[in-house]
Amino acid sequence: MRLLRTLLLLLCTLSPPLLSQMKIFDTPLSPRIANYTIHAELHPESETVTGREAITWRNTTTRAVSTLQFHLYLNAFANNQSTFMKESRGRNRGFSSGTKQEEWGYINVSRMNLWTGANLLPSLAYIHPDDENADDRTVAEVKLPKPCGPAETIRVDVEFTSKLPRVFARSGFAEGGFFMVAQWFPKIGVLQPDGWNCHEYHSNSEFFADFGVYDVQISVPRDYVVAANGTLVGKRRANSTMTYQYHQEDVHDFVWAADPRFITRHGVFHNDSTGGDVDITIFTYRTNETYAPVHLDAARHALAYFQEWFGVYPYRTLTIVDPPANARGAGGMEYPAFFTTMTIWWLPKGIHVSAMVTIHEFGHNYFQGMLASNEFEEAWLDEGINSYAELKSMERYYGTPGSYIDFLGLKMDGVTFHRSSYITSPNLDRVVEKSWLYAPGQYSRMSYSKPALLLRTLEGIVGQETMARIMKTYFQEWKFKHPRTENFIAVANRVAKQDLSWYFAQVLYGTGSLDYAVESVRTEPLTGKAGFVGSDSTLRFVDEKRKGQFESVIEVVRKGTVIVPVDVLFVFDDGNRIRETWDGKREWREFRFRSASRLSYAVVDPDRKLVLDTDMRNNSRRMHEERRGVWRVALELLYRVQSLLQHLTFFS
Amino acid sequence: MVGASMKEGFAATMRSWRLLLPLYILNLAAAVIVVTPLQFALQQYWGTSVISSPLRQAFSIPALVEFLLHNGDLVRTLFRIFLTVLFLYEILSVFLDGGILAALRSGEAQGLSRKLFEGGAAYFFRFLRLFLISIPFMIVGGIILGLIDAPLSSLMDSSQRPVEIFLVLGARIAVAVLLFSYIRAVMDYAKVAAVSEDRRVMWKAFWRGLGFSVRNFGRAYGMFLILLLIYLATVALHLYVNSSINESTAVLILLLFIIEQLFVLVRIGERVWFFGSELSLFSKLASVVAIRPVAFDPSPAEPLPHTGTPHAPLP
Numbered sequence: 001m002r003l004l005r006t007l008l009l010l011l012c013t014l015s016p017p018l019l020s021q022m023k024i025f026d027t028p029l030s031p032r033i034a035n036y037t038i039h040a041e042l043h044p045e046s047e048t049v050t051g052r053e054a055i056t057w058r059n060t061t062t063r064a065v066s067t068l069q070f071h072l073y074l075n076a077f078a079n080n081q082s083t084f085m086k087e088s089r090g091r092n093r094g095f096s097s098g099t100k101q102e103e104w105g106y107i108n109v110s111r112m113n114l115w116t117g118a119n120l121l122p123s124l125a126y127i128h129p130d131d132e133n134a135d136d137r138t139v140a141e142v143k144l145p146k147p148c149g150p151a152e153t154i155r156v157d158v159e160f161t162s163k164l165p166r167v168f169a170r171s172g173f174a175e176g177g178f179f180m181v182a183q184w185f186p187k188i189g190v191l192q193p194d195g196w197n198c199h200e201y202h203s204n205s206e207f208f209a210d211f212g213v214y215d216v217q218i219s220v221p222r223d224y225v226v227a228a229n230g231t232l233v234g235k236r237r238a239n240s241t242m243t244y245q246y247h248q249e250d251v252h253d254f255v256w257a258a259d260p261r262f263i264t265r266h267g268v269f270h271n272d273s274t275g276g277d278v279d280i281t282i283f284t285y286r287t288n289e290t291y292a293p294v295h296l297d298a299a300r301h302a303l304a305y306f307q308e309w310f311g312v313y314p315y316r317t318l319t320i321v322d323p324p325a326n327a328r329g330a331g332g333m334e335y336p337a338f339f340t341t342m343t344i345w346w347l348p349k350g351i352h353v354s355a356m357v358t359i360h361e362f363g364h365n366y367f368q369g370m371l372a373s374n375e376f377e378e379a380w381l382d383e384g385i386n387s388y389a390e391l392k393s394m395e396r397y398y399g400t401p402g403s404y405i406d407f408l409g410l411k412m413d414g415v416t417f418h419r420s421s422y423i424t425s426p427n428l429d430r431v432v433e434k435s436w437l438y439a440p441g442q443y444s445r446m447s448y449s450k451p452a453l454l455l456r457t458l459e460g461i462v463g464q465e466t467m468a469r470i471m472k473t474y475f476q477e478w479k480f481k482h483p484r485t486e487n488f489i490a491v492a493n494r495v496a497k498q499d500l501s502w503y504f505a506q507v508l509y510g511t512g513s514l515d516y517a518v519e520s521v522r523t524e525p526l527t528g529k530a531g532f533v534g535s536d537s538t539l540r541f542v543d544e545k546r547k548g549q550f551e552s553v554i555e556v557v558r559k560g561t562v563i564v565p566v567d568v569l570f571v572f573d574d575g576n577r578i579r580e581t582w583d584g585k586r587e588w589r590e591f592r593f594r595s596a597s598r599l600s601y602a603v604v605d606p607d608r609k610l611v612l613d614t615d616m617r618n619n620s621r622r623m624h625e626e627r628r629g630v631w632r633v634a635l636e637l638l639y640r641v642q643s644l645l646q647h648l649t650f651f652s
Numbered sequence: 653m654v655g656a657s658m659k660e661g662f663a664a665t666m667r668s669w670r671l672l673l674p675l676y677i678l679n680l681a682a683a684v685i686v687v688t689p690l691q692f693a694l695q696q697y698w699g700t701s702v703i704s705s706p707l708r709q710a711f712s713i714p715a716l717v718e719f720l721l722h723n724g725d726l727v728r729t730l731f732r733i734f735l736t737v738l739f740l741y742e743i744l745s746v747f748l749d750g751g752i753l754a755a756l757r758s759g760e761a762q763g764l765s766r767k768l769f770e771g772g773a774a775y776f777f778r779f780l781r782l783f784l785i786s787i788p789f790m791i792v793g794g795i796i797l798g799l800i801d802a803p804l805s806s807l808m809d810s811s812q813r814p815v816e817i818f819l820v821l822g823a824r825i826a827v828a829v830l831l832f833s834y835i836r837a838v839m840d841y842a843k844v845a846a847v848s849e850d851r852r853v854m855w856k857a858f859w860r861g862l863g864f865s866v867r868n869f870g871r872a873y874g875m876f877l878i879l880l881l882i883y884l885a886t887v888a889l890h891l892y893v894n895s896s897i898n899e900s901t902a903v904l905i906l907l908l909f910i911i912e913q914l915f916v917l918v919r920i921g922e923r924v925w926f927f928g929s930e931l932s933l934f935s936k937l938a939s940v941v942a943i944r945p946v947a948f949d950p951s952p953a954e955p956l957p958h959t960g961t962p963h964a965p966l967p
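From first to last, the protein sequence lines are chains L and B.
Start counting the first sequence at 1; every next residue gets the next number (my numbering).
Start counting the second sequence at 653; every next residue gets the next number (my numbering).
Worth double-checking, as some hints may not be accurate.
Just so you have them, the derived chain L footprint on chain B, three or more residues with Cβ under 8 Å [claimed, not checked]:
id, region
1, 679 to 687
2, 695 to 701
3, 726 to 736
Label-pair restraints from in silico Cβ distances [stated by the list, open to error]:
id, chain 1, residue 1, chain 2, residue 2, range
4, B, 710, L, 547, 58 to 66 Å
5, L, 132, B, 807, 42 to 50 Å
6, B, 724, L, 590, 31 to 39 Å
7, B, 918, L, 519, 45 to 53 Å
8, B, 794, L, 640, 23 to 31 Å
It should be emphasised that the hints constitute simulated quantities derived from the structure, not laboratory data.
The beta carbon of each residue, even a glycine, is placed where N, CA and C say it ideally should be.
So here's chain L without its partners, still in its complex pose (with noise of 0.2 Å):
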């Protein structure tokens, strides 16, 4: 019997140095700076998660280090005090929190000891690095014994508790069973040159960790199934429990769900980059199965997509949750190798949300999963980028003009998606900012939609071929690191083989707009001399008629204070076209054409490139108005009226 226990003990301990044995990767892909042994179980019943972890961490800087800073961030849903909650006033994308007992969240770490034994706990601290809330305990600092040196490694073991929140901001769980792990164990933050840069959890912004290695193993009740971001390496059954075992590699978090509701339904992408298949997976319901092929097709697309721009998919797994819906707000969520998406299942299919939820999310495996910017202080370079490849990618899917929106006619694509947020408040803002600094509603503005229209109207500076090169440049350079702005800057300035830091000063640190216009147009028959000529003797009166000669003028002005080249076009009544360039540096400029033809309009951006540019329809001028369109319109909405009239009448 006591062998019995020692080899019990034994295997116990020894397990997860086993398991991260197991390799996926021949060669690394990144530093492995944070690595993570974790042994969670789930207690559905008060909704918690108990947990043991083994950090082992190294420090790749060039100077020691005293303390050690963590995340514990489901802590944001302690109570209404937290930064998370003051900022986001309870409500997130659409959701509300609650407030009862058991609606509230929390992390409660009960130990933690360096592996040398010595205790960390009684010199936690909560810290608040980016405002005064003493409140907040999503960010906690310990001190260590004896600095940490460059190039030593550490191991942290913790024990902890986390009590998950009722959903409303995607971490927690929702009655019948449903349960989104995420943000979920105290995580180790990002030891810069600086010092630690280790940010409180905002409303807007989660992400920015270290890559590393994860081994977990997750105990749940028999009946419940589990998706998670690794490879299923193992599972063991317990009297009333069943233990999952996952492994992954090379990334920067771990992420889980469990219900017992969940069905799956699987997918294989043939990888021809790596050779080998990306499984995907993804977990849903009954009522959602019929929509588990249109997010399986629209991955499919988006791993095809993003490979053949960007770069290799090296995973060889990739989840995907879809949330119950008394849980959306744990949808359209990004992690490592797994995010969660969202079906609307009553909408038309002809718009294309549950699709475009899928492909953006997994885009993020490259924008913020392998380039791992840092989300709380550029958050475009993750969000905006991603927005960016996500309205490519819906293009590709589902052709213009209605990769969005394709429904009775009615079509809409992602330039004009974007632009509907980003013109309504162009300049409050600039684009790099620390996303709990962006002015109220500002954030989604100018960290998705204006870097997507910045990015695609950089595309039309410099070409779809150098940009396809800038992007595909930066990911290769920058996978499995922390790029900043500059180091996009550097990328696109060398490929483009131009120094672009004029625009992107412009469009990422200034807050003007973009907006050109023709003023005016005019067009007459080109007259000779006229009146009295010469003088004295010679005075004589001319009046020379220039038959078939007309002269057309246009002023084109920059009404807005962001310069950038634009072609100008010019359309005669005889189908003429003239195009011109302008550099746009003055506030306008008057073009003058003589020809054989009138004036039929003039286009600033004929092709839509600068889909930057704030007002569209001061693009172009005619010489006549256009009435049939208008009338179509009118006709169509007093129609649309007269049946609304006579359908409410049908209450009086």
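Given the coordinates of chain L, work out where chain B should sit on it, guided by the hints.
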């Protein structure tokens, strides 16, 4: 009896086809008041820009987005105009309901426009009171819907199969339609009672309509639902026709507009048919009560031969 009433109602509608014209003109005029300023605004905004070119072929979301986002104040003003017209049209339809019923009850085929407006004027304030009486019932209907909505929502959330969701959603819609259409049916029969029995006290007319629709629930409400389904079928038919015509030329734009106006006219006819059928059913099933019975007058109808001062005291 329902079939016969619907048939009689249809015949009355056909007989009163001249009634449709003023009703159509008023509907069109109200819509024109809303759309004309919008049309001018669109023309001014889009007219000189090539952004309006795609509008010739199809409705353009990008063009609409540009308009809406750059004309926030104007759009808000236009929306207020729309709400005002909507409110006034509701009041007007109260007026017209009285006119329609009066014209139908006259059974005549001539002078209907005059009867429409005379009847509208005669019953306007009565029907307006009836409309006000209906508001609390609408509110109660809304509260009932709200009360059943919570358990239905939770049922939807816990549904395991799409068919369950469809059933629950269908149940929600069905309950809402049945509830509000029943209130509407009661109000219709109250109007019919008010016209048929020349009632002036509207809460009594309401109880009369309610009593009638409860006593003859199957027939009164059943006929209302059949007519409602026909109305909805017309709406669906229009959607089908609209989606099959691609307005690529000026001729097709005009053709679709004419077809749409015919649909408006048909739906106005259906409204008259509602009242015609209800009048017929009411006259068949209800024992018409004289609200203001004339006191018995034993004096002969014909004037008596002159016998001196009629009221002179007897000698």
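Hints not upheld, ascending by number: 3, 4
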